[in-house]
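Engineer: So you can see what is in the structure, the chains are spelled out below.
Number of protein chains: 2
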Amino acid sequence: MTVTIIGLGLIGGSMAIDLKARRFSDRVIGVDRNPKHREIAQERGLVDEVLTLHAGIAQADIIVLAIPVDSIKQLLPTILDYCTHQVVTDMGSSKLEIIETVKGHPNRANYVPFHPMAGTEFSGPEAALPGLFAKKVGIICDMADSNQKALETVTNLYMALNMRLIFMNAKEHDLHAAYVSHISHLTSFALALTVLEKEKNEKNIFNLASGGFDSTVRLAASSAEMWVPIFSQNKQNVIKVMDTFIEKMQALKNSIAEGDDKKVEQLIHEANSIQKTLTQ
Amino acid sequence: MTVTIIGLGLIGGSMAIDLKARRFSDRVIGVDRNPKHREIAQERGLVDEVLTLHAGIAQADIIVLAIPVDSIKQLLPTILDYCTHQVVTDMGSSKLEIIETVKGHPNRANYVPFHPMAGTEFSGPEAALPGLFAKKVGIICDMADSNQKALETVTNLYMALNMRLIFMNAKEHDLHAAYVSHISHLTSFALALTVLEKEKNEKNIFNLASGGFDSTVRLAASSAEMWVPIFSQNKQNVIKVMDTFIEKMQALKNSIAEGDDKKVEQLIHEANSIQKTLTQ
Chain A
12 MTVTIIGLGL
22 IGGSMAIDLK
32 ARRFSDRVIG
42 VDRNPKHREI
52 AQERGLVDEV
62 LTLHAGIAQA
72 DIIVLAIPVD
82 SIKQLLPTIL
92 DYCTHQVVTD
102 MGSSKLEIIE
112 TVKGHPNRAN
122 YVPFHPMAGT
132 EFSGPEAALP
142 GLFAKKVGII
152 CDMADSNQKA
162 LETVTNLYMA
172 LNMRLIFMNA
182 KEHDLHAAYV
192 SHISHLTSFA
202 LALTVLEKEK
212 NEKNIFNLAS
222 GGFDSTVRLA
232 ASSAEMWVPI
242 FSQNKQNVIK
252 VMDTFIEKMQ
262 ALKNSIAEGD
272 DKKVEQLIHE
282 ANSIQKTLTQ
Chain B
12 MTVTIIGLGL
22 IGGSMAIDLK
32 ARRFSDRVIG
42 VDRNPKHREI
52 AQERGLVDEV
62 LTLHAGIAQA
72 DIIVLAIPVD
82 SIKQLLPTIL
92 DYCTHQVVTD
102 MGSSKLEIIE
112 TVKGHPNRAN
122 YVPFHPMAGT
132 EFSGPEAALP
142 GLFAKKVGII
152 CDMADSNQKA
162 LETVTNLYMA
172 LNMRLIFMNA
182 KEHDLHAAYV
192 SHISHLTSFA
202 LALTVLEKEK
212 NEKNIFNLAS
222 GGFDSTVRLA
232 ASSAEMWVPI
242 FSQNKQNVIK
252 VMDTFIEKMQ
262 ALKNSIAEGD
272 DKKVEQLIHE
282 ANSIQKTLTQ
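Each protein sequence line maps, in turn, to chains A and B. In this text, residue positions in the first sequence follow the working numbering: the first is 12, and each later residue adds one. In this text, residue positions in the second sequence follow the working numbering: the first is 12, and each later residue adds one.
There may be inaccurate statements among the hints.
Claimed, not checked - Now the stretches of chain A that chain B is said to cover, found in silico as 3 or more residues with beta-carbon under 8 Å:
#: 1; region: 185-192
#: 2; region: 223-233
#: 3; region: 237-245
Hints were generated in silico from the structure; no laboratory data involved. Each residue gets a CB set at the ideal place from its N, CA and C atoms; glycine is no exception.
Assemble the whole structure, with the sequences as input and the hints as a guide.
Structural biologist: Structure, rendered in structure tokens:
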């Protein structure tokens, strides 16, 4: 089984490591338009060989798109054009717009839209690491629109990475992704911007950051190249969740400003119940 | 050296564990008005004995207040009234209001205001754990208002916990604490409230939470008993930082809504620089 991974960053690189380590594929081909990424991927031995996009597609059994969602949207129709036997999947964090672009494509059924709930705040092939996907949830979208062979192949691929697979339609996926992943990145970015504006003295931030700040702001290191197109493609859901979030912050702020401790307490108790959900 | 810890929760309990393990004190006395806490602290062997407040004060060389900041404010003047030779310190996350209540007290110089930048989202003696304070920053406030013996004793105490001590005036402390700790808890609470409102199906939250949500929302499990009085005592700074945070969220939202990808990218790049600060 030859797997061609397009995009040798954190996600593509980590995938390559595990596909080789777990012997799912006897050959992993890497494709990346960034010469620096190609070089690091080869130096680190992430892939067996680096080829051009055209050669990578031609020689693949499975093609994995592990690039920003705007690039996926742009490249996916062309890749499906070239498909004969190949199965195609992608690792994008928004799904609806991407799927729209290949609606009615003669090879649409060869494609399985996917989103792994895994990652770190770092990016590039130097950030790739083994086990990134292990035990993490992976979401297969609109499965009825993929053919049996494509679904089986892709399921085996992600099972080889030790993921827990779930199934959703793309619309539902984009809504949940906004609420449980995209908003977290936005609050981290806003938190970083807030603190950077106020704390001119970086030493203060560093010294005090162990008070919980470090974990809440961790995602603020995430790459703009990856996230700008996600927010753009999932704009409607993202705006809705940001509005709700701002309302909740306002409610907390007003209760604190008014000295309404009972109300603040009630809001915190309500928020506390998230813990039960996360550890169920 | 006999240390009396008032409040046997996460902070007081963790402190007791390390003071005994590191042999700083030959006797650790625990005081807690909650019978359940007293019982668990004894079962877990966190302290050598549990006494009443009065006996705990009388027999102490050092008294540590590890209770919510509203209780510290209420109790500290009385404790200073009873002080003869005892040194007093507290672990509260806001400092200015607490210090105000003992301004001009004849034993003010026996007291050293302190704030450890350490904790977890859990609470109670069952959450106490060894090494909680190791390598964390601890802030001593308004040191000029404490006497030499009190400063030396308290410095030795916190050094025995392997903390990195820094010094600030209380006003400065409360400002920085709002920006680097208090706001993180507020954004986590708001995030939890947002997601809980939308995601009626808890299974979805649980399944998708590995996408960064778990680390940003971790602090939402924090206790209302501890945090309501912190927000109240540090109200002015907290409101200011919340306003700035809401502005930043609005700026991100407006740029996304307008499809201004260049602006979103610029804001993310700006936010990214927090990483450099945290890993310096």
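Engineer: The structure should be examined with respect to each hint, and the outcome stated for every one.
Structural biologist: Verification of the supplied hints:
1. 185-192: The restraint on the region 185-192 of chain A holds, since 5 of its residues have a Cβ under 8 Å from chain B and three suffice.
2. 223-233: holds (count 11)
3. 237-245: holds (count 5)
Hint compliance for this structure: every hint is met.
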